[in-house]
Structures are given as structure tokens and as C-alpha cells.
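J.: Sequences are here, hints too, so could you generate the full structure?
Residue numbers (the working numbering), protein chains in the order written: chain A, 87 to 540; chain B, 87 to 540.
Just so you know, the hints here were simulated from the structure itself, not pulled from any lab data. Bear in mind the structure is a predicted one, so any value in this text is a computation, not a measurement. Certain hints may be false.
Any copy will do: because identical chains look the same in the list, a pair fits if it lies in one copy or spans two.
Derived BS3-like pairs: lysine-lysine, alpha-carbon spacing no greater than 30 Å straight-line [stated by the list, open to error]: (1) Lys172 <-> Lys274; (2) Lys169 <-> Lys208; (3) Lys506 <-> Lys362; (4) Lys252 <-> Lys281; (5) Lys274 <-> Lys208.
Spelled out, the chains give:
There are 2 protein chains.
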Amino acid sequence: MSEEMEMLYEKLTHCFETRKFADLRMTLLDMEPADIAQFMENNLEEKEQIMFFRLLPKELASDVFIETETDTQEALIKTFTDKELKAVIDDMFLDDTVDIIEEMPANVVKRILKNSDPENRKQINELLEYPDDSAGSLMTPEFISLSASMTVERAFDKIRQTGLNKETIYTCYVTNRKKILVGVVTVKDLLLANKEDIIENIMDANPITVETLEDKEQVAQKFSKYDFIALPVIDKEGCLVGIITVDDAVDVIQEEATEDIQKMAAILPSEKPYLKQSVWSIWMGRIPWLVLLLVTSTFTSMILVGYESRLSPVLYAFVPMLMGTAGNAGGQSSVTVIRAIAVGDVEFRDIFRVIWKELRAGFFLGLTIAIICFAKIWFLDRLYNPDITILETALISAVCFISLLMAKLVGCILPLIAKKCRLDPAVVASPLMTTIVDALSLIIYCSLAIVILI
Amino acid sequence: MSEEMEMLYEKLTHCFETRKFADLRMTLLDMEPADIAQFMENNLEEKEQIMFFRLLPKELASDVFIETETDTQEALIKTFTDKELKAVIDDMFLDDTVDIIEEMPANVVKRILKNSDPENRKQINELLEYPDDSAGSLMTPEFISLSASMTVERAFDKIRQTGLNKETIYTCYVTNRKKILVGVVTVKDLLLANKEDIIENIMDANPITVETLEDKEQVAQKFSKYDFIALPVIDKEGCLVGIITVDDAVDVIQEEATEDIQKMAAILPSEKPYLKQSVWSIWMGRIPWLVLLLVTSTFTSMILVGYESRLSPVLYAFVPMLMGTAGNAGGQSSVTVIRAIAVGDVEFRDIFRVIWKELRAGFFLGLTIAIICFAKIWFLDRLYNPDITILETALISAVCFISLLMAKLVGCILPLIAKKCRLDPAVVASPLMTTIVDALSLIIYCSLAIVILI
Chain A
87 MSEEMEMLYE KLTHCFETRK FADLRMTLLD MEPADIAQFM ENNLEEKEQI MFFRLLPKEL
147 ASDVFIETET DTQEALIKTF TDKELKAVID DMFLDDTVDI IEEMPANVVK RILKNSDPEN
207 RKQINELLEY PDDSAGSLMT PEFISLSASM TVERAFDKIR QTGLNKETIY TCYVTNRKKI
267 LVGVVTVKDL LLANKEDIIE NIMDANPITV ETLEDKEQVA QKFSKYDFIA LPVIDKEGCL
327 VGIITVDDAV DVIQEEATED IQKMAAILPS EKPYLKQSVW SIWMGRIPWL VLLLVTSTFT
387 SMILVGYESR LSPVLYAFVP MLMGTAGNAG GQSSVTVIRA IAVGDVEFRD IFRVIWKELR
447 AGFFLGLTIA IICFAKIWFL DRLYNPDITI LETALISAVC FISLLMAKLV GCILPLIAKK
507 CRLDPAVVAS PLMTTIVDAL SLIIYCSLAI VILI
Chain B
87 MSEEMEMLYE KLTHCFETRK FADLRMTLLD MEPADIAQFM ENNLEEKEQI MFFRLLPKEL
147 ASDVFIETET DTQEALIKTF TDKELKAVID DMFLDDTVDI IEEMPANVVK RILKNSDPEN
207 RKQINELLEY PDDSAGSLMT PEFISLSASM TVERAFDKIR QTGLNKETIY TCYVTNRKKI
267 LVGVVTVKDL LLANKEDIIE NIMDANPITV ETLEDKEQVA QKFSKYDFIA LPVIDKEGCL
327 VGIITVDDAV DVIQEEATED IQKMAAILPS EKPYLKQSVW SIWMGRIPWL VLLLVTSTFT
387 SMILVGYESR LSPVLYAFVP MLMGTAGNAG GQSSVTVIRA IAVGDVEFRD IFRVIWKELR
447 AGFFLGLTIA IICFAKIWFL DRLYNPDITI LETALISAVC FISLLMAKLV GCILPLIAKK
507 CRLDPAVVAS PLMTTIVDAL SLIIYCSLAI VILI
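T.: And the structure:
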């Protein structure tokens with residue numbers, strides 16, 4: 087946090103504690119809603135939060151409300167009168183209302199819907215029907231629509247009349263009588279055109295669109311690719327049903343990256359910030375994969391017990407090194423491919439290009455590692471483990487090479503197959519990869535050791 | 087890729103091959119620059135690309151150029167006449183020009199600078215001086231500035247006159263004579279105000295700003311927090327020197343997430359998409375950590391050799407399981423904390439809160455895993471490894487508990503210390519964590535085994 091912000095927070099605390107509410111309001115008016123919400127949640131007790139929220143200038147209340155965490159929102163709603171609740175809801179954009187409703191318990195949802203305008207309630211219910219990860223769940227039906235035959239001047243009139251409550255006014259959508267999207271025109275186009283120009287002549291008649299059921303990750307990729315500030319959402323008939331703004335896409339990109347990182351580290355994804363998670367929810371997110379990986383490690387124990395009597399203790403000492411190297415190498419490939427799939431660089435049909443690339447990279451990596459491994463064992467490990475023979479050293483280096491190449495192949499193929507089977511590459515590939523690579527590299531090691539050394 | 091896009095690409099290929107250039111141009115005019123660039127790079131040979139680029143409608147050329155990969159840009163520039171190069175450069179925003187210059191070899195940079203307007207050249211050179219990861223390197227000096235005493239009507243006149251070449255016109259910046267930023271006003275504010283209103287009365291006089299040397303990751307976080315479409319960049323004196331638009335922030339968020347994921351998987355970050363990377367550059371990115379981790383694995387070998395004569399083969403079979411569980415548990419904590427630092431949820435001063443949380447979570451996780459581990463060994467592993475005693479089973483379960491708790495602590499503390507030392511948490515923490523946790527859990531196992539079983 088910046089020093090400036092810390093001073094501001096101290097001032098707020100001081101005003102609040104000494105009940106200088108006029109000063110408090112003046113200070114708040116100059117602040118961003120996100121900062122006010124952060125102050126409220128990090129510096130005040132629950133009872134104080136409720137009192138503080140009532141002190142907020144009216145025009146800020148719903149903006150601050152949106153920025154608070156789900157728990158705080160629920161606590162606040164419980165203290166609201168119906169009138170207060172209605173005021174906050176009426177002031178929010180519909181997509182924000184829907185986001186909040188999705189996180190609330192049933193009785194709170196009922197109260198929110200009861201206190202919405204009938205027309206809004208209908209739209210909210212429609213939005214709630216879209217799957218959680220679809221474009222429909224991100225969009226808001228509050229956009230500016232124009233008709234193709236309007237002049238620029240009339241378009242500006244319409245923007246001025248209806249713009250106040252729209253999430254963005256900078257991209258306007260041109261629809262026909264059947265609500266089919268026929269074009270897009272930006273306020274920049276309008277400002278740089280003449281007053282008498284007809285919208286049809288200045289609009290972009292082939293706008294990029296998304297469909298209601300499109301995956302929200304794909305939507306975010308479109309924003310990243312085309313640099314728009316809003317994208318229109320159409321249904322199967324081509325009717326414009328809503329828009330998605332870039333700030334929602336930014337959130338999706340952040341959240342999806344966090345989720346993928348969590349999955350790769352064998353954690354069930356959580357949307358809550360780390361410090362707000364309870365110990366119990368941390369336990370819940372981490373225990374499943376720990377248990378699963380503990381159980382699958384039975385394979386490695388079985389292999390080691392199976393070869394036990396026939397493998398010298400000298401060779402046992404290199405098991406962690408071999409498994410570690412194979413695991414690291416496989417992890418590099420699987421994580422690279424998982425991320426490439428997530429950002430849209432790689433699809434299933436690229437599988438042979440990917441394999442060919444990993445085969446070549448794996449060959450040279452394996453060769454390099456095998457040579458370094460040979461040198462390390464011969465010149466370094468012999469210092470504390472003097473019984474190693476040159477044949478054993480060569481064997482270990484060869485196993486390094488083979489298991490690294492194997493790990494690269496397993497690591498790159500698994501995520502692509504997972505994607506093809508409509509499973510989540512990040513969930514399936516990382517832990518499965520570890521188990522397969524661990525077991526395979528151990529089998530390669532033990533069986534080669536027996537063939538060559540006995 | 088969507089079917090629609092594939093059909094479009096086929097049409098382009100057909101028009102290009104049968105030399106129907108008028109049709110080709112008509113089709114291109116309806117397409118987004120990013121899609122044209124993608125078609126060019128994925129479907130045409132280098133020589134064809136150059137010919138294709140010359141066929142592009144003039145107004146699209148520089149937009150398509152920006153969207154192509156560095157290699158393609160370099161190849162294209164080499165075939166440009168000075169006049170063509172100047173046309174493309176003049177049409178680009180300065181921040182894009184700077185991005186391209188940063189990737190080009192010296193002789194190409196010279197040609198670009200030679201063919202820029204003298205005024206642009208000066209600004210380009212200033213922008214080039216900002217560090218690669220700073221706000222200054224992201225910004226463009228092309229923004230709309232207004233003065234506080236203007237009327238709304240005059241502001242619109244100014245936007246109409248100067249807006250064409252600005253990267254965004256929707257946020258306008260109010261500066262005084264010394265170029266100090268005094269406020270921000272959006273086109274929405276202007277459209278909803280009266281013509282005679284004075285800018286000073288409708289502007290936001292306390293805008294959120296970033297400083298030229300601020301880390302670009304922090305800048306991206308501000309976009310994500312405040313939902314702006316542009317942020318003003320000020321220098322130490324408070325003068326407005328440029329703006330950063332949300333599309334650049336989106337790219338930073340994507341790239342930083344990819345980089346963090348690569349670092350966590352022990353890969354040196356690369357900005358190129360996977361399929362465009364050469365085998366050699368993949369080798370380069372992966373070999374350093376593989377070698378380092380190979381060398382540090384010497385510790386585990388040393389420990390195993392050191393305890394060799396005193397540890398029964400029955401217990402050896404559980405080494406991979408114990409090291410694996412500790413590694414997974416440590417990875418969960420370190421990755422969680424690394425990501426929390428990256429998105430701004432956790433700072434160094436939260437270290438005791440983090441440790442306390444991980445201690446409690448680690449205690450319950452360790453307890454659960456120890457119980458499951460005990461059951462697994464006693465009921466499952468004894469099937470193929472019948473010599474295990476109940477004392478050994480209890481020992482292994484106890485080591486599971488202790489090393490898991492230890493792994494959680496190491497995993498959460500390391501990234502925070504790395505951050506405090508101004509090192510990159512993702513680079514330092516992940517591989518170092520593995521090495522420390524592997525060695526410690528092995529030492530705990532072997533020494534407890536000796537104390538208890540002998």
C-alpha cells in the first residue's frame with residue numbers, strides 16, 4: 087500500500103472515531119469506491135462497518151457495496167431496511183447485481199429480488215440462467231442501442247438521454263427492428279463525423295461478437311487479442327442481448343490465471359483472497375490432492391519393494407535425483423502446454439507439432455543432463471559414495487536421458503488429451519503427470535539396473 | 087479457431103492464390119487487424135507475406151504490422167523502402183513504435199528513427215530510456231489535454247480537432263500551464279453536462295495516477311482494482327507525461343501470469359508463443375533449472391548414503407512417498423503465497439498472519455495425512471511389504487506429520503523473504519523450496535528412524 091493511501095486511511099479512522107462525520111464525508115467524496123471498501127474491511131469491526139456504510143454519501147453507497155467481499159455484503163444486507171436495499175440495488179448495474187445474487191443464501195436472494203423493479207427482476211432472472219462460466223453470466227443488458235437510419239446528431243441526443251445508467255456509452259450498438267445486431271459505432275466515430283451523417287455509413291458492419299454460451303475464458307482472450315473496451319453478446323438468432331465490458335474481462339483473466347496456478351500446484355481453486363480464507367477452507371482446498379498423491383505413491387513404494395533385493399544400496403541413493411529430474415522436466419513441458427492452451431496458442435490439432443518440438447528439445451536436454459549427471463557423479467558424488475563403479479555411473483546417466491525424454495513426452499501429451507476429452511488440462515495433467523513420470527522413471531531405472539549390472 | 091474464421095481464411099487464401107486482389111481487399115476491409123496478422127503468419131511463406139502486406143489497404147497496414155510477431159516485423163521492415171517505412175511509422179502510436187524498436191537489431195532501429203518525424207524521434211528516445219518493467223515503458227504521450235477554464239463546448243471542439251491520432255479520447259486530462267495534472271474528465275461527463283459548463287466544475291480533481299517508474303505489474307493491478315480504461319502517468323514533479331490504456335494493462339496481466347507460471351515450473355520466462363519458439367530457445371529456457379536442481383539433489387543422495395547402513399530396506403521404500411508429500415504440501419503453500427503477492431493480496435508485513443494461518447492449516451493437514459498414511463501402510467502396503475512393523479508404520483506417519491508442517495512453513499516464508507530482499511518470489515521460492523524441503527524431510531525421516539528403531 088502506498089504511503090499516501092496509508093495517510094488517507096489514518097485520516098478516515100481519526101474522523102470516524104472522533105465522530106467528525108462532515109469531514110469524513112468530504113474525504114470520502116474524493117476517494118475511489120474500491121479504496122473505501124478496502125478501508126472499511128481492513129480497519130473496522132463488523133458493527134463499525136455497518137455504521138460507516140450508512141455514513142457514506144448516497145452516490146457512493148452502491149459503488150462501495152459492489153467492491154466489498156461477499157461476507158461483508160451479506161452482513162450489510164441483513165441490516166438494510168427494504169428501502170435502503172432497494173436504493174442500493176436500483177443504483178447497481180444488472181451484471182453486478184447478478185454476481186452478488188449468485189453468492190448469497192436463498193433468503194437474501196429472495197429479499198433482493200423482492201426489492202428490485204419488476205422489469206429488472208425479469209432481466210436478473212434471465213441472466214441467472216446462464217451457466218457460471220459463460221459469456222451470458224458476465225454480460226449486462228444495459229447498453230446503448232441506435233438504429234442505422236439515425237443521424238449522428240440524433241444518436242448523441244439518445245446517448246445524452248439514456249447514457250447515465252449504461253455501463254459504457256463509448257461503444258453503441260446498431261440493431262434493426264428484430265433486435266438483430268447490424269453494426270457497431272464508437273463515440274469516437276460519432277465525434278469525428280458530421281452531425282448530418284447517417285449511422286449506417288459510419289458504423290462497422292462486421293463487428294466481432296461473442297455468443298451467450300461461449301466460455302468466459304474465450305471471451306477474455308478476444309479482449310486481449312482485439313483491444314476492445316466492450317464486446318456485444320448475441321444469442322443464437324443473432325439478437326443483441328447484452329454487452330461485456332473490458333473491466334469484467336480483466337477480472338476473468340486474473341481469476342483464470344490464479345485458478346490455473348492453483349490447479350497446477352494441486353490446490354482446489356478458491357475465489358477468495360488468501361488472507362480472507364478460513365483455515366478450514368484452506369484445508370478443504372488442499373487435502374484432496376495431498377491424499378490422492380499419497381495414495382498413488384503406493385506405486386513407487388511397490389516398485390522399490392519389488393526390486394529391493396536386487397538393487398544395491400549405492401544405486402538407491404540416486405532414486406530421489408532421478409525421480410526429481412524426471413518430475414521437473416515433465417513439469418516444464420506440461421505447464422508450458424497447459425498455459426499455451428489457456429491463452430489460445432495451442433489446440434489439440436497441434437499435437438504432432440507439439441510432440442515433435444518436445445522430442446527434439448527433450449533429446450538435447452536429456453543429452454546435456456546425462457553428460458552433466460555423469461560428471462557430477464564421477465567427480466562429486468564419488469567423494470562421499472566411493473563404491474560407485476563407472477558402469478553404474480553410465481547407467482544412471484543413461485536412465486537420466488531416457489526418463490527425461492519420457493517425461494517430456496508424457497508432460498506435453500497429457501494436457502492435450504485432457505483438453506480433447508473436455509477435461510481441465512490443469513487439473514488432470516499436473517498430478518497425473520507426476521504419478522506416471524515417477525513410476526515410469528523408477529521402472530526404467532530398476533529394470534535397466536538389473537539387465538546391465540547382473 | 088471458429089469455423090467462421092476458418093472459412094474467412096480459406097477465402098483469403100483462394101483470392102490470394104488466384105490473384106483476385108480486389109476481392110481480397112474487400113474482404114480484408116471487414117476484418118480485424120489481429121486476424122489479418124494471424125492469417126498472414128500462419129498461412130503464408132515469408133515471400134508471400136511480403137507481397138500480401140503490400141496488398142493491404144493503406145489504412146490497415148500499420149495496424150496489421152503492429153499485430154505481427156517480431157520476426158515478421160523485422161523481415162517486413164527489411165523489404166520496405168524508406169517511404170513505406172515512414173508511412174507505417176507515422177500511422178502508429180508512439181508506445182507501439184517503442185515496443186517494436188525494443189525488439190529490433192541496431193541497424194533496423196537506426197532506420198526507424200531516421201524515418202520518424204523529428205518531434206516523434208525525440209519522444210521515442212525519451213520513452214526508450216524508461217526501464218523495461220516500468221509504467222514509463224508502457225505509456226504513450228498521445229493524449230487529449232484540456233484546461234480547467236474551458237467550457238464543455240470548447241472541450242468537444244478540441245477533441246474533434248486533435249482526437250484522431252490519440253490512443254483514447256474517452257478520458258481527457260486537465261493540466262495547468264506547467265503541465266501539472268489537475269484533473270480528469272471523461273467524455274461521458276462531457277456528454278451529460280451542459281455546453282456552457284466549465285471543465286473545472288465537472289472534472290474529478292483527485293484522479294488516480296501512476297508514476298513513470300512504478301512497476302508495470304502494479305499498474306496492471308490498479309486497472310484491475312479501479313476498472314478504468316486509461317490511467318495518467320506523472321513524473322516526480324507531478325507533470326503529466328503520458329497515459330496507459332487498458333489494452334496494455336490486459337497484455338501485462340496475461341504476460342505476468344504466464345511468466346509467473348513459467349518461473350514456478352522452473353522455466354526461464356519467454357515472451358514468444360510456444361509454437362513460435364525454436365528448439366534451441368526452449369532448451370535455453372529449461373536447462374538452467376534442470377542442471378541446478380540436479381546438482382542440489384546431491385544433498386539428498388548424501389543424506390541417503392550417510393544413513394545407508396543404518397536404515398532398513400523396508401523403510402527405504404517410503405522415501406519417495408515422504409519426499410513427494412512434503413514437496414506437494416510445500417508447493418501448495420509457496421505457490422499460494424507467490425500468487426497472493428503478485429495480485430497484491432499479501433505484503434511482507436503480513437508475514438506473521440501468513441505463518442499463523444499456515445501453521446494451523448498445516449497442523450490439521452498433517453494430522454489428516456498422518457492418519458490416512460497410517461491406514462494406507464497398515465492395510466494396503468503390508469500386502470506387498472509384509473515385514474513392516476507397527477512401530478515403523480507409526481514412525482512413517484509421524485514423519486509425514488512433521489515434514490508436512492515443516493514444508494508448509496518453508497513454503498510460505500520463502501516467497502515473503504524473497505520479496506523483502508527485492509528478489510523475484512516465483513524464481514527464488516519454488517526451486518529453493520523443493521531443495522530445502524526434500525533435504526529436511528529426509529533428515530527428519532532418517533534421524534527419527536535411528537532414534538526410535540535402534
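J.: Does each hint hold? Answer for all of them.
T.: Outcome of the hint check:
Taking the shortest alpha-carbon separations for Lys172 and Lys274, only the inter-copy value of 26 Å comes in at or below 30 Å, while the best intra-copy value is 35 Å. In the homo-oligomer, the alpha carbons of Lys169 and Lys208 lie at most 30 Å apart inside one protomer (20 Å), although the nearest pairing across protomers, at 59 Å, exceeds that limit. For the identical chains of this complex, Lys506 and Lys362 are inter-copy neighbours only, at 22 Å across copies versus 36 Å inside a copy, given an alpha-carbon limit of 30 Å. For a Cα distance limit of 30 Å, the shortest separation of Lys252 from Lys281 qualifies both inside one copy, at 23 Å, and across copies, at 21 Å.
In this homomeric assembly, Lys274 and Lys208 come within 30 Å of each other (Cα to Cα) only across copies, at 28 Å, whereas the closest approach inside a single copy is 33 Å.
Violated hints: none; the structure is consistent with every hint.
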